[in-house]
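J.: Numbering (the working numbering), first residue to last: 1 to 111.
This list has only true hints and no planted wrong ones.
Across the chosen pairs, the derived CB separations fall in these ranges:
#1 Thr-61 x Ala-86: 23 to 31 Å
#2 Pro-103 x Gly-31: 36 to 44 Å
#3 Glu-93 x Arg-42: 21 to 29 Å
#4 Val-2 x Asp-81: 14 to 22 Å
#5 Phe-29 x Pro-103: 37 to 45 Å
#6 Asp-81 x Pro-30: 19 to 27 Å
#7 Thr-20 x Pro-103: 33 to 41 Å
#8 Asn-18 x Pro-100: 29 to 37 Å
#9 Pro-103 x Ala-73: 42 to 50 Å
#10 Pro-103 x Lys-65: 45 to 53 Å
#11 Arg-74 x Pro-94: 25 to 33 Å
#12 Pro-94 x Trp-6: 20 to 28 Å
#13 Phe-29 x Asp-81: 19 to 27 Å
#14 Ala-86 x Val-2: 18 to 26 Å
Hints are computed from structural coordinates only; laboratory data are not their basis. Predicted, not measured: the structure shown is a model, and the values here were computed from it. Heads up, the beta-carbon is just placed ideally off N, CA and C, and yes, glycines get one too.
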Amino acid sequence: KVLMPWCAPIGSALGPVNMTALRSMRGYFPGVPLIVDAGLGRPSHAATVMELGFDAVLLNTAVAKAAYPVGMARAFGKAVDAGREAFSSGMLEPRDVAVPSTPMVGRAVFS
1 KVLMPWCAPI GSALGPVNMT ALRSMRGYFP GVPLIVDAGL GRPSHAATVM
51 ELGFDAVLLN TAVAKAAYPV GMARAFGKAV DAGREAFSSG MLEPRDVAVP
101 STPMVGRAVF S
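Build out the structure end to end from the sequences listed, making use of the hints.
T.: Given below as structure tokens:
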């Protein structure tokens, strides 16, 4: 079994239009391969869905209609790899407030 949701309408190149729905799919279907099937227009779109925990992307128009399809295919490949590695590495969750990552205890505030 595989789930293949659209990211956006086929050929639209809009990228992820409903991030909430896409993000929630990994939680609802933890053991099912997820493959985005339509709507990707840029390599950054592929990286974004891979960062959400998707397993792959299926695309055609973004590569077929590119000025240099071979280069675009390479760019998508790199984006997919980067997004998957980011997901696997455990990205920080966004926060509404500043949170220092360096402890301030024992450090001089003013020199």
